[in-house]
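The hints should help you fit chains B and C onto chain A, whose structure is shown.
Protein chains in written order, with my numbering: chain A, 1 to 336; chain B, 1 to 445; chain C, 1 to 183.
Note that these hints are calculated values from the structure, not bench results. One or more of the hints may lead you astray.
What the hints assert, rightly or not - If you only want the chain A side, here are some residues facing chain B, beta carbon under 7 Å, derived:
1. S131
2. G132
3. A133
4. Y135
5. G151
6. R152
If you're wondering where the values come from, they're calculated on a predicted model, not measured in any experiment. In this text, a Cβ means the ideal position worked out from N, Cα and C, and glycines have one as well.
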Amino acid sequence: MVSQQERPETILEEPALAPASWRRRHDLDRDDCTIDVIELVMTTADRMREVLGREVPRVPALRGTTVVNLFYENSTRTRTSFELAARTLGADIINIATASSSVTKGETLIDTVRTVQALGAQIIVMRHPSSGAPYLAMRHSNVSYINAGDGRHAHPTQALLDLYTLRDAVGSVRGRKVVIAGDITHSRVARSNIWGLTAAGAEVTLSGPPTLIPREYACASEGRLPPVKVDYDFDRAIEGADVVMMLRLQGERQQAGLIPSLREYAQLYQLTEERLARAARGAVVMHPGPVNQGVEIAPEVAHGSHSLIEAQVTNGVAIRMALLYLIAGHRREGAR
Amino acid sequence: MRLLIRGGRLLDPASHLDGELDLLLEDGLIKARRHDLDADGAEVIDARGMLVTPGFVDLHCHLREPGEEHKETIASGAAAAARGGFTTICAMPNTHPPTDSRGLVEALLERGEATTVRVLPIGAVTRALEGKDLADLADMAEAGAVAFSDDGRPIWDAAVMRRALEYGLITGRAVSDHCEDLALSAGGVMNEGWVSARLGLAGIPTAAEEAAVARDIQLCELTGGRLHIAHVSTRGSVELVRRAKERGLPVSAEVTPHHLVLVDEAVMGGVEAMGEALAYDTNARVNPPLRSRADVEACVEGLRDGVIDCIATDHAPHAEEDKLCEFDHAANGISGFETAFALCNSLVASGWAPIETLVERMTSGAARAFALDERFPGLGTLADGAPADVTIIDLGETWVVDRAAFASRGRNTPLAGQTLTGRVKATIGGGKIAWSELRQEVPVG
Amino acid sequence: MSDNGARERVLLNRDEIRRAITRIAHEIVEANRGADAIILVGMRTRGFPLAERLSRAIEAFEGTKVPTGVLDVGLYRDDLTYLSVSPTLQPSEIPTDIEGRSVVLVDDVLFTGRTIRAALDALIDYGRPQRVQLAVLVDRGHRELPIRADFVGKNIPTARSEDVRVCLEEIDGRDEVVLVQGE
Numbered sequence: 001m002v003s004q005q006e007r008p009e010t011i012l013e014e015p016a017l018a019p020a021s022w023r024r025r026h027d028l029d030r031d032d033c034t035i036d037v038i039e040l041v042m043t044t045a046d047r048m049r050e051v052l053g054r055e056v057p058r059v060p061a062l063r064g065t066t067v068v069n070l071f072y073e074n075s076t077r078t079r080t081s082f083e084l085a086a087r088t089l090g091a092d093i094i095n096i097a098t099a100s101s102s103v104t105k106g107e108t109l110i111d112t113v114r115t116v117q118a119l120g121a122q123i124i125v126m127r128h129p130s131s132g133a134p135y136l137a138m139r140h141s142n143v144s145y146i147n148a149g150d151g152r153h154a155h156p157t158q159a160l161l162d163l164y165t166l167r168d169a170v171g172s173v174r175g176r177k178v179v180i181a182g183d184i185t186h187s188r189v190a191r192s193n194i195w196g197l198t199a200a201g202a203e204v205t206l207s208g209p210p211t212l213i214p215r216e217y218a219c220a221s222e223g224r225l226p227p228v229k230v231d232y233d234f235d236r237a238i239e240g241a242d243v244v245m246m247l248r249l250q251g252e253r254q255q256a257g258l259i260p261s262l263r264e265y266a267q268l269y270q271l272t273e274e275r276l277a278r279a280a281r282g283a284v285v286m287h288p289g290p291v292n293q294g295v296e297i298a299p300e301v302a303h304g305s306h307s308l309i310e311a312q313v314t315n316g317v318a319i320r321m322a323l324l325y326l327i328a329g330h331r332r333e334g335a336r
Numbered sequence: 001m002r003l004l005i006r007g008g009r010l011l012d013p014a015s016h017l018d019g020e021l022d023l024l025l026e027d028g029l030i031k032a033r034r035h036d037l038d039a040d041g042a043e044v045i046d047a048r049g050m051l052v053t054p055g056f057v058d059l060h061c062h063l064r065e066p067g068e069e070h071k072e073t074i075a076s077g078a079a080a081a082a083r084g085g086f087t088t089i090c091a092m093p094n095t096h097p098p099t100d101s102r103g104l105v106e107a108l109l110e111r112g113e114a115t116t117v118r119v120l121p122i123g124a125v126t127r128a129l130e131g132k133d134l135a136d137l138a139d140m141a142e143a144g145a146v147a148f149s150d151d152g153r154p155i156w157d158a159a160v161m162r163r164a165l166e167y168g169l170i171t172g173r174a175v176s177d178h179c180e181d182l183a184l185s186a187g188g189v190m191n192e193g194w195v196s197a198r199l200g201l202a203g204i205p206t207a208a209e210e211a212a213v214a215r216d217i218q219l220c221e222l223t224g225g226r227l228h229i230a231h232v233s234t235r236g237s238v239e240l241v242r243r244a245k246e247r248g249l250p251v252s253a254e255v256t257p258h259h260l261v262l263v264d265e266a267v268m269g270g271v272e273a274m275g276e277a278l279a280y281d282t283n284a285r286v287n288p289p290l291r292s293r294a295d296v297e298a299c300v301e302g303l304r305d306g307v308i309d310c311i312a313t314d315h316a317p318h319a320e321e322d323k324l325c326e327f328d329h330a331a332n333g334i335s336g337f338e339t340a341f342a343l344c345n346s347l348v349a350s351g352w353a354p355i356e357t358l359v360e361r362m363t364s365g366a367a368r369a370f371a372l373d374e375r376f377p378g379l380g381t382l383a384d385g386a387p388a389d390v391t392i393i394d395l396g397e398t399w400v401v402d403r404a405a406f407a408s409r410g411r412n413t414p415l416a417g418q419t420l421t422g423r424v425k426a427t428i429g430g431g432k433i434a435w436s437e438l439r440q441e442v443p444v445g
Numbered sequence: 001m002s003d004n005g006a007r008e009r010v011l012l013n014r015d016e017i018r019r020a021i022t023r024i025a026h027e028i029v030e031a032n033r034g035a036d037a038i039i040l041v042g043m044r045t046r047g048f049p050l051a052e053r054l055s056r057a058i059e060a061f062e063g064t065k066v067p068t069g070v071l072d073v074g075l076y077r078d079d080l081t082y083l084s085v086s087p088t089l090q091p092s093e094i095p096t097d098i099e100g101r102s103v104v105l106v107d108d109v110l111f112t113g114r115t116i117r118a119a120l121d122a123l124i125d126y127g128r129p130q131r132v133q134l135a136v137l138v139d140r141g142h143r144e145l146p147i148r149a150d151f152v153g154k155n156i157p158t159a160r161s162e163d164v165r166v167c168l169e170e171i172d173g174r175d176e177v178v179l180v181q182g183e
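Isolated chain A (complex conformation) (with noise of 0.2 Å):
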């Protein structure tokens, strides 16, 4: 806490401070967390939530505060969302596409941080192709990160509000069987989730072919990766699920030579209202989107009534809202 002199008497009251659960100044994954951390998250997303249902969504909360969209990848939907939270809450927002910057002229990730940081940004939500990317920005900057997916890492935000969004959908993950499914190699989603999934009590399973899931998932590997379990059968894997989540197939994946053929691949792993039938009564079906219709999930599906996927969209506000808030409560010098 600031010492008495330095800190102005405002409030009469003491704050109710966050509990000791969220100390950082930045959000760079999901590895480890906790099941108090990701309540925190959740409660105050319902109120970021209240926010958004009004007339005029808009709060003074991050007044003052200049919030930097650094996307080294396109994407429209999370920069936008992002941009979303960050201007209900008040915080001017700036996106800095690289392809159109100097970064295209061989400046360095840390170089474009660095001025980022001098031109006054307080944080910096980062998108970039290399995992670890942004803790190596982190490293040599100053400022606080919140990490908008990075390579095949991490998408913490996005395991946020999928956990947020199967909270309204089904309630309590504890013991509920979730069957993640595709290409989870490359999937930073998949990542973030599983580490989110598990740390909820749920139980996980990984579905896709074996040239797609790395084959450390499927041993013990001595503790150091979140329990799943591993069924190539996907047929099989589905049966009594409460969740399925389906991941992106990108079309690279056949060029390299992982898989013989889309059609092969939407044949075996493709989510059917038949297969979507195996599941659990009241099944929800997830996708972080974009969606390939007809590859990883058939239209109907992805539009029917067991699809949460605009839920999705709609909750990254409210989730993004939530930490944006929770972070720009500790960029303050000092403050780990």
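Only chains B and C this time, still in chain A's reference frame:
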């Protein structure tokens, strides 16, 4: 020129010598080893309490000159080697231009002569390291190349490897292969294991090395040419070499200090760092990559048994910008000369084997693998008449790795800030002091 | 009881609090010429139970049930950049449309006035009330903004270094207002 090393514990594994003796060096050769030698006008180095061994021999290093002098030069590399106790270093040919002809071999030898460390060229196996056409192997051997390799790349074409081994029958030199099946390793940036799965980094499976080792061993059997496996890193590779030796094949193998101690968890920042921000430490990015604990244990066992003949540093200096970037884009390599001995010494401390074994693997064992003792009789030993290459070590001294103080231009090490035990106090190459932190008494008059 | 040896003095006891609330309830009804168009909005945390008590008191003597709501001003504070941790946000709930109604904000202690300013900002985002009034149990002075209470339980002059703590049965298990001397 006479130099007397007085009062140290002389350890010469080749002759099973281990005792307190004085060592006299004269005119670049070992002259005598006895108790209470008379100085008689020689410069004296007080080695009391120190270990005195033959100078270390390194079969694998990258000196970057010509072409990448911002990373290292022959002079700075030799200075770093001397600090690490190395008196003989074999320079890999992947320079710009690569050492693929007589002229370049001779140029390297000449540059090396300006240093107090013996710099020996390893010639390229294929022209321009393209992996297609053999370079003038016999010509280079005659000019002074001590072995052949295409390192940092594998000799990917099996027919080319076969022919290179066959030429070994006339050059008498080993072919040192960087064993890597490029199709299996494609895209990989670290060991394929639970750490790469967690970090979301593309992995290089151990099979990528083992498939290439197995192929080379079969070709060795087919041809009878001398095969040397560079930087062994996996349990499977150790097993393959073990069985090849059991069959009596002319196979030798080396292992780096980092593959004996560090594991792939170092990329994360170590298991202790879990809970803190992930490191994605580019200083731990090396090829072959740091492997799992089981692989490290197998390499340690293999080195003890002698299945792996020697330690070779694979000293690979890089400029700061090559490492200060995203992990995907970082260069492979560790600047290892100056920490090699101390890092391996940690094995001795944990009961792996006596110090004599470690010294053997860094001296005569290495010299034998490349038959250097044929060209330079006694190299790697303290026998009478052997080259006056001596390393003096304080086994008990602890020190903190300060990469800003490296003699190498390459500061890329995952050991920065770590405390190591065992420090090279002086290195003598060809009877001249290459590096010393010890007191010397210059003769009066 | 006092922690770390600071000196404490009881300013209002249980009965005095009860009487103050009864009197404020009457004043509210009088000033608004009846209880019909009023909403009592309590500030988190201790303003809310006070609002509930006022509503019950009004119902007792006037027979009208005055709706109550609760307001959390976490997102409207002007000092977020000075705190080392973001305050936990609590739900706000204002059950009826405040458009055209008389809102009475209720809080336990009025001090600098900044919480009330934040509350006014929050309230406007819910709609446009006809008027906003302020009821507090204790006014301890030291205003930093031009804010005043319409209904006050007790005016207590204090030093800046002192602290006024309101304890309520619903939250703290007892009814008491205490003055704590600064260190």
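Earlier hints that do not hold, by number | Violated hints: none; all satisfied.
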